[in-house]
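Asks: Protein sequence lines, in the order shown, are assigned to chains L and D.
The opening position of the first sequence corresponds to residue 1 in my numbering, with each subsequent residue numbered one higher.
The opening position of the second sequence corresponds to residue 1 in my numbering, with each subsequent residue numbered one higher.
Errors might be hidden in some of the hints.
[Claimed, not checked] Residues from chain D that face chain L, not an exhaustive set, calculated with beta carbons under 8 Å:
1) 51
2) 52
3) 53
4) 55
5) 60
6) 63
7) 67
8) 91
9) 92
10) 103
11) 132
12) 247
[What the hints assert, rightly or not] Derived coverage of chain D by chain L (criterion: at least 3 residues anywhere in the stretch with Cβ under 8 Å from a Cβ of chain L; other residues may be distant):
13) 1-9
14) 93-100
15) 193-204
These are calculated hints, taken from the structure and not from any lab test.
All residues carry an ideal CB built from backbone N, CA and C; glycine is no exception.
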Amino acid sequence: MTNAARPRALAATVALAALVLPWVVARLGPAASYMLNLSVIFAIVAIALNLLTGFSGQISLGHAGFLMLGEYASALLTLKAGFPFWAALPASALLVGAIGFLVGLPAVRLSGNFLAVATMGFGLAVPEVMLNWAGLTHGSAGLMPKSPTIGGFSFGSDVAYYYLALFCLALVWYICATLLRSRTGRALQAVRDSEPAALASGINAAYHKALAFAISAAFAGVAGALYAHYVNFVSPNDFSIQDSFLFLAMIVVGGLGSLPGSLLGAVLLTVVSQLSTSLGQFSIILTGSVMLLAVLFFPGGLISLARRRRPTPRVPAPLAQRSAAGGS
Amino acid sequence: MFLRFEQVSLHFSGVAALSAVDLEIPQGGIFAIIGPNGAGKTTLLNCVSRFYTPQEGRITFLGRDLLAARPYDLASLGIARSFQNVAPFGRMTVEENMLVGLHHTIHSSALSQVLRLPGARAAERQARAQARDVMEQLGILEHSQRYADELPYGVQKRLDVGRALVSRPKLLLLDEPAAGMNEQETAELGEWILGLPAITGVTIVMVEHDMSLVMGISQRVAVLDFGRLIAVGAPQEVASDPAVVEAYLGKED
């Protein structure tokens with residue numbers, strides 16, 4: 001098999017397995033089916049976050065906030081504005097994307113820990129707003145969006161909803177993969193690797209950073225809308241700062257700057273966190289341990305086991321010597 | 001005049017990094033800016049790149065006021081640069097690095113790229129063909145799908161200059177191209193840089209520590225000391241200038 005054919009064969013196998021999977025998992029009971037669907041929805045969030053953090057070099061501890069905005073956007077558009085789900089889903093993506101752009105604008109001046117704190121503030125604010133804006137959101141009583149339907153067919157069952165979520169995941173994956181191979185995707189990665197060099201190459205770094213926020217938020221919004229119409233209940237308690245950390249853990253464990261890594265990390269950590277929810281506080285410890293072990297043994301993420309080395313950021317030795325000597 | 005500095009002064013919280021620098025750089029060939037550590041060489045380069053804005057003075061390029069431009073406007077004005085740290089885009093492939101150098105020549109929106117509209121695909125194809133040509137000229141085509149970080153130091157250096165050159169700029173700024181290289185590598189690099197203006201028509205302005213490289217390949221040299229311009233001229237003139245010997249060469253020996 002040639003080098004080009006191998007990944008293609010693997011992708012085909014994974015795609016085929018993904019199509020058969022819900023029928024196998026359904027035999028394990030409804031809890032397993034729920035876990036599977038949640039994995040697919042969270043995989044969309046993980047890809048969205050990896051686009052921002054792994055490929056654009058901007059950290060976010062507020063993605064649970066974008067997810068929740070997507071939930072509410074879609075629930076309100078269907079319940080109060082009479083949108084069908086199929087229109088509310090892309091509309092939610094655009095709306096949350098626009099909010100993401102606005103969040104990204106001040107964020108382009110921040111980096112590292114400051115950006116982490118700023119986005120965390122956003123993530124903490126969203127549930128508070130949803131709780132207190134009761135006239136629109138019904139506060140803690142929540143909203144009850146319906147399952148999507150096509151003609152007479154309802155996506156009310158776990159298996160049917162799985163295919164809907166899987167279709168969205170495939171679409172988001174395709175868009176990200178295409179984008180990353182394009183001029184815009186290269187600009188995002190160039191800004192991540194060196195902002196001055198990116199500027200000197202004619203890349204408007206601030207615009208591309210905000211754009212990364214917008215696209216990432218839009219996809220998180222899609223995941224939020226999918227979640228809302230799956231569990232048919234939306235409340236300010238759905239997602240919290242803990243989930244933002246969970247999403248970050250997914251891409252670190254799976255592999256920063258890798259789409260397959262996002263999927264791997266999302267499935268692993270969704271399963272670990274769901275299986276351990278009955279353990280209460282121990283769930284966080286278990287999730288944290290998984291992250292710690294992964295970082296210790298696979299610093300490039302689990303995906304680094306499966307492919308050639310992707311260089312991790314480091315200071316080249318001559319550069320270290322030079323900066324010690326001091327430039328002019 | 002090609003590139004002109006008029007009374008350019010820049011100070012960082014009271015410390016003068018550049019004081020009233022007047023300098024004219026003609027088109028063509030290689031112009032070197034030298035000086036001891038902390039003389040303000042890279043600072044001057046960073047003013048052209050618009051990473052710094054001088055508090056006083058003017059910088060013009062082909063009669064155009066550069067201080068009115070934003071850093072990311074320079075590429076389309078025809079000004080490119082390399083950096084001291086090699087292969088700044090280390091986690092991208094060699095081909096991707098070259099394509100980043102062509103960023104400002106590809107005109108298509110993010111949406112048209114995602115939808116793979118015919119216009120965007122044609123622009124991308126053209127850019128890839130152009131990148132391929134330059135990679136072939138640089139002798140790095142065999143590495144095109146490798147990550148820049150994985151390459152040997154010398155190849156990374158060439159890649160970085162190639163990335164800056166790929167869009168055929170009028171002016172190329174090189175920030176210490178020989179940094180971190182041994183004598184033989186420096187000599188090879190110098191020979192390569194020396195050939196660039198004739199092949200590509202680019203004018204090179206180079207900031208450099210390595211005196212052998214500067215003396216060997218540049219037509220004119222400017223010397224900075226403590227942010228002041230103390231000499232400009234042909235390499236041999238400058239080397240025998242008493243002020244330069246005192247400020248720089250004397251200490252070197």
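Asks: So, for every hint listed, does it hold in this structure?
Replies: Going through the hints against the structure:
1. 51: Constraint on residue 51(D) satisfied, holds at 6 Å.
2. 52: Hint on residue 52(D): violated, closest Cβ of chain L at ~11 Å, above 8 Å.
3. 53: Result: violated, 14 Å to nearest chain L Cβ.
4. 55: Check failed: Cβ of residue 55(D) comes no nearer than 20 Å to chain L, outside 8 Å.
5. 60: With a minimum Cβ separation of about 19 Å from chain L (threshold 8 Å), the hint on residue 60(D) is violated.
6. 63: 21 Å, violated
7. 67: Since chain L brings no Cβ nearer than about 16 Å to residue 67(D), farther than 8 Å, the hint is violated.
8. 91: With Cβ-Cβ at 6 Å, under 8 Å, it holds.
9. 92: Holds: closest Cβ of chain L sits about 5 Å from residue 92(D), inside 8 Å.
10. 103: Holds, because the Cβ-Cβ distance from residue 103(D) to chain L comes to roughly 5 Å (cut-off 8 Å).
11. 132: With a closest approach of 16 Å, the residue 132(D) hint is violated.
12. 247: 13 Å, violated
13. 1-9: Coverage by chain L is violated for the region 1-9 of chain D (0 residues, Cβ < 8 Å).
14. 93-100: holds (count 3)
15. 193-204: Violated: only 0 residues of the region 193-204 of chain D have a Cβ under 8 Å from chain L.
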